[in-house]
Amino acid sequence: MKSFLKKHIFSTDHKVIGKQFLFTGLFFLLMGGLMAMIIRWQLAYPFKAIPLIGKLLFPQLKGVLAPENYNMTVTLHGTIMVFFAITPILIGAFGNFLIPLQIGARDMAFPKLNRLSFWLMIPSSLLLMASFFVKGGAAQAGWTSYPPLSSLLTPNGGQILWIASLALAGLSTIAGAVNYITTIVMLRAPGMTLFRMPLTMWGLFYTAVLNAIFVPVVAITLVLLLLDRIAGTSFFSAGPLAPSVGGQVLLYQHLFWAFGHPEVYILILPAWGIVSDLLSIFSRKPAFGYTSTVISMGIISVLSGVVWAHHMYPSGISGSLGKIFMYTTFLVSIPSSVFFLNWLGTLSKGSIRFTVPMHFCLGLIVVFALGGLTGIFNASQAIDIYIHDTYFVVGHFHFTLAASVLFGSFAAIYYWFPKMFGRLTNVFLGKLHFWLTLITLSYVFFGMFLLGTGGMMRRIADPTVYNFLKHLQPLNIKISWVAFLLGASQMLFVINFFWSLFQGKKSSNNPWQAATLEWTTSSPPPHDNFETIPTVYHGPFEYSRPDMKDKDWLAQTEKTELKKS
Amino acid sequence: MFEIKNIFPKDVSLNGHKIDELFYRTLAETGIAFLLVLGILIYFMFRYRERSGHLPLYTHGNRWPHLFLTLFLAFCVFFFIDMHLANLSSKVWDDFHAKMPTQDALQVRVLAQQYAWNIQYSGKDGQFDTPDDVITMNQLHIPVHKPIVVQLQSKDVIHSFWLPNFRLKQDVVPGMTQRIWFEATQTGEFEIACAELCGLGHYRMRGILTIQTQEEFEQWLKERGSEKKVQSKEEEW
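Each protein sequence line maps, in turn, to chains U and S.
Residues in the first sequence are numbered consecutively from 1, following my numbering.
Residues in the second sequence are numbered consecutively from 1001, following my numbering.
If you're looking for bench data, these hints aren't it; they were derived computationally from the structure.
One or more of the hints may lead you astray.
Covered stretches of chain S, as calculated for chain U (at least 3 residues, CB under 8 angstroms) [to be verified]:
(1) 1036-1049
(2) 1053-1065
(3) 1074-1085
(4) 1129-1135
(5) 1147-1157
(6) 1194-1205
(7) 1209-1223
We put the CB at the ideal spot given by N, CA and C, even for glycine.
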């Protein structure tokens, strides 16, 4: 018992903490996915009893979803996916597991703070789950939680618990950000200059910086929202229902999106970094344009802080302000194009190995191209008059988040599974999982562009109320059934993951023949990572150099006489 | 240009087609970009798949020609697609929002609440909040070929006044008085929807927009004005 406590509950080993984030993140990915299935059932068959689990979840109406329950499901689906699935998986799990290993350190700069960072997620998760059972039910004002709906809707104890839950999750993220930044800046092994770090590290570094700056913004915003709810203040209340004067409803949106927009880049930057590395490893070629990719990701990070009001075009802000934000938003396309083209440059004239992680990387290129290009529609202030708050937006952010970020996460999981658990995953199941996910997801979310173009609004429990939407209902039904298939396909991943955990073929140190530092040590690594702290002699992309003889790669710790080209 | 199965709701407005055209142009340009990327990717996956005898090209892609090519392509996308579309968008936005029609417009007030649209006409005297005002619930009647100025306010939370057939949407924010305008080009019955989550009844916050000839409209207004302020039975959500 004592050793269990020491090994798991109180462990400060970044690899243990990383795995804890991974398991909780995957659990919530499943929960969030289940909620998506409920949403899709309701949209296809409004107010029909949900099969299998309906009577269990919604007994009062015999399995039928009441409108407020629909709003709760939509709200919690978004909240869980953003804060309890993707953040813990990409940032919590891979940030923690990889940073010390890839830079050649024995652990994080602040191991105990790291421990606290995961501990905070436990009460955070419990508060969120408890929110379904309090008076007034769970939060139901969307993951964006706009007041006055979120501040004045009563009773709604769940909204208060939602705020408390996110406050703790935010604290966990800030603690993690402090750790990641300090570790990357201070604990790199000898010879590991910043520009010899894998791009995964750069992605996580920028993410940590953005987290450190912007999570406090949302924390303060939520405190003000909480005060509006429980203390009779009117920071964000105005009009007939406001308890007092002086409030500005749109202030919340400015504050929320000032965090909210960087947040979406926070979620995707690690995936971009990971893909940039993996494309190189599985093309057996250096990452094309490493320096310009690093600079581009940095510029995007900076720009992410000055585009927020493109979420507010029809809110009543002045047209001129909207135009300024339209132009800053379009600016992001320059650095985005640069690192995207660099991906193609990496593949060009390479020797492509179609491993399971590589499938997901290539898939990410496709879905991110689609998601990113549809961003152009949303960025347009005029087009947004029409598509704002329609399913066009939902399609856009699902292609960039649910598709791209998720593919990045899957690529990372399949790729680092041998390092984390010492075993290989099943290749056939992995490829099947990829293809089923790619095809179903493409249908579902592309279908949403059509729904949005048809004018279907977001967050409505029954589209058939409206005549102008009735002709879209067959499409809604098809999307839902393909979405059920998408959900079911994830079981392939679950089976593969757990089967491989116990029965997978044992892995060598370096099954992928990769050059980064984590592959120089055992799979899984010993408690203090390396026998001796490595010395680094060059960047992480020395693949297929013409002077290589017996193998086509050079680990970062291997000396070489010739200069790189 | 490309008419995709009439996916858009029927356009009965003066300015709506401008958004449709901008949308189609954006679709064409981004569509071509996407197909290009997809084509290149599929070609690369085939041409550069690992096989014996084919060695990768060892380059870090950070020499001047590489950087120049990447930046050149990025700037091309930025100037020819993004900036071009941004400038067109600015113009369309101005057509929708920059100027309120000065004379001859019909003024209507809409007060949004959970979960209905309260619609107020000034009546014969042309003054709002006088005894001859006509107030309806969810029934917006307007004359065709005449600019309509709608003042939007909220009684409680944020709503959004959405006229799909006019391509026009405006958030209704408590504490703010917003104004929009539009003009119908044909008669008929269409819908008003709420486009901002406003509570459990958000999904059924539906109104009816009836576009009539000037005579029909004045007739309707007169009939409504002569009714006592009692909700008639045929009013429904």
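Checked hints:
no.: 1; hint: 1036-1049; in the structure: holds (count 8)
no.: 2; hint: 1053-1065; in the structure: holds (count 9)
no.: 3; hint: 1074-1085; in the structure: holds (count 8)
no.: 4; hint: 1129-1135; in the structure: violated (count 0)
no.: 5; hint: 1147-1157; in the structure: holds (count 5)
no.: 6; hint: 1194-1205; in the structure: holds (count 11)
no.: 7; hint: 1209-1223; in the structure: violated (count 0)
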